[in-house]
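Asks: One letter stands for each residue in the lines below.
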Amino acid sequence: GQQVMQIPQYQHVQEGEDFTTYCNSSTTLSNIQWYKQRPGGHPVFLIQLVKSGEVKKQKRLTFQFGEAKKNSSLHITATQTTDVGTYFCAGMNSGYSTLTFGKGTMLLVSP
Amino acid sequence: NAGVTQTPKFRVLKTGQSMTLLCAQDMNHEYMYWYRQDPGMGLRLIHYSVGEGTTAKGEVPDGYNVSRLKKQNFLLGLESAAPSQTSVYFCASQRGSSYEQYFGPGTRLTVT
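Order-wise, the sequence lines are chains A and B. Okay, so the first sequence: first residue is 78 according to the numbering used here, each after it adds one. Okay, so the second sequence: first residue is 243 according to the numbering used here, each after it adds one.
These aren't lab readings, by the way, just hints derived from the structure by calculation. The reader is advised that the hints may include incorrect statements.
[Unchecked claim] Each computed DMTMM-like pair below joins lysine to aspartate or glutamate, with the alpha-carbon atoms no more than 25 Å apart:
| # | chain 1 | residue 1 | chain 2 | residue 2 |
| --- | --- | --- | --- | --- |
| 1 | A | 133 | B | 342 |
| 2 | A | 180 | B | 301 |
| 3 | A | 113 | B | 272 |
| 4 | A | 128 | A | 92 |
| 5 | A | 113 | A | 92 |
| 6 | A | 147 | B | 268 |
| 7 | A | 113 | B | 268 |
| 8 | A | 180 | B | 268 |
| 9 | A | 180 | B | 342 |
Since the structure is predicted, the reported quantities are computational estimates derived from the model, not experimental observations.
Given these sequences and hints, build the entire structure.
Replies: Structure, rendered in structure tokens:
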């Protein structure tokens, strides 16, 4: 079955440093979504990428979808303490109606 | 709009007991999902539904049953709870397969 690998599992940064999490799929994806889960909370949708090579920005967050549509990344510039949480990627295969989630990257930001 | 709600928020069961988790959404979404989240394992799909009256198995369906009798509700049942089912359970709904999923607040279940 489809597998979605996400690295790193955990990252601890100082406030103001940059952060990147990477997502790799074993199969070509039709789209990829990113979610954020705050400690004790539920996953909240951030963005969806559909096109090969697509890049989208949300303030300090930059999302990329690889040319082969098998990998993606989320980059946060100048982290803030409000960025703390676990970031999940979730991929969907063509013809399917379900997402396969990566195991997530937990981000801790020290002030 | 309440979005996606889940009942109960917490529950402790003894091995062998049964229970039903209720998920309700008021967004008129067609698709609904049940996930479990365990430390270090991410979100794993248990069962899902693409419309009223339909259900399908996800990645980890064993030991669970579901029903979608009404479009707004998706029930997850545990017939004979086991300690391995100790987890946080999230329900999600979605307008269609190419849209984002909206998650409920979760149910923390402990089976002793």
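Asks: Decide, hint by hint, whether the structure agrees.
Replies: Consistency of the hints with the structure:
1. A:133 - B:342: The hint holds at about 16 Å.
2. A:180 - B:301: holds (14 Å)
3. A:113 - B:272: holds (23 Å)
4. A:128 - A:92: violated (32 Å)
5. A:113 - A:92: Judged against 25 Å, a Cα distance of about 18 Å means the pair holds.
6. A:147 - B:268: violated (34 Å)
7. A:113 - B:268: OK: residue 113 of chain A and residue 268 of chain B at ~22 Å, within 25 Å.
8. A:180 - B:268: violated (29 Å)
9. A:180 - B:342: holds (18 Å)
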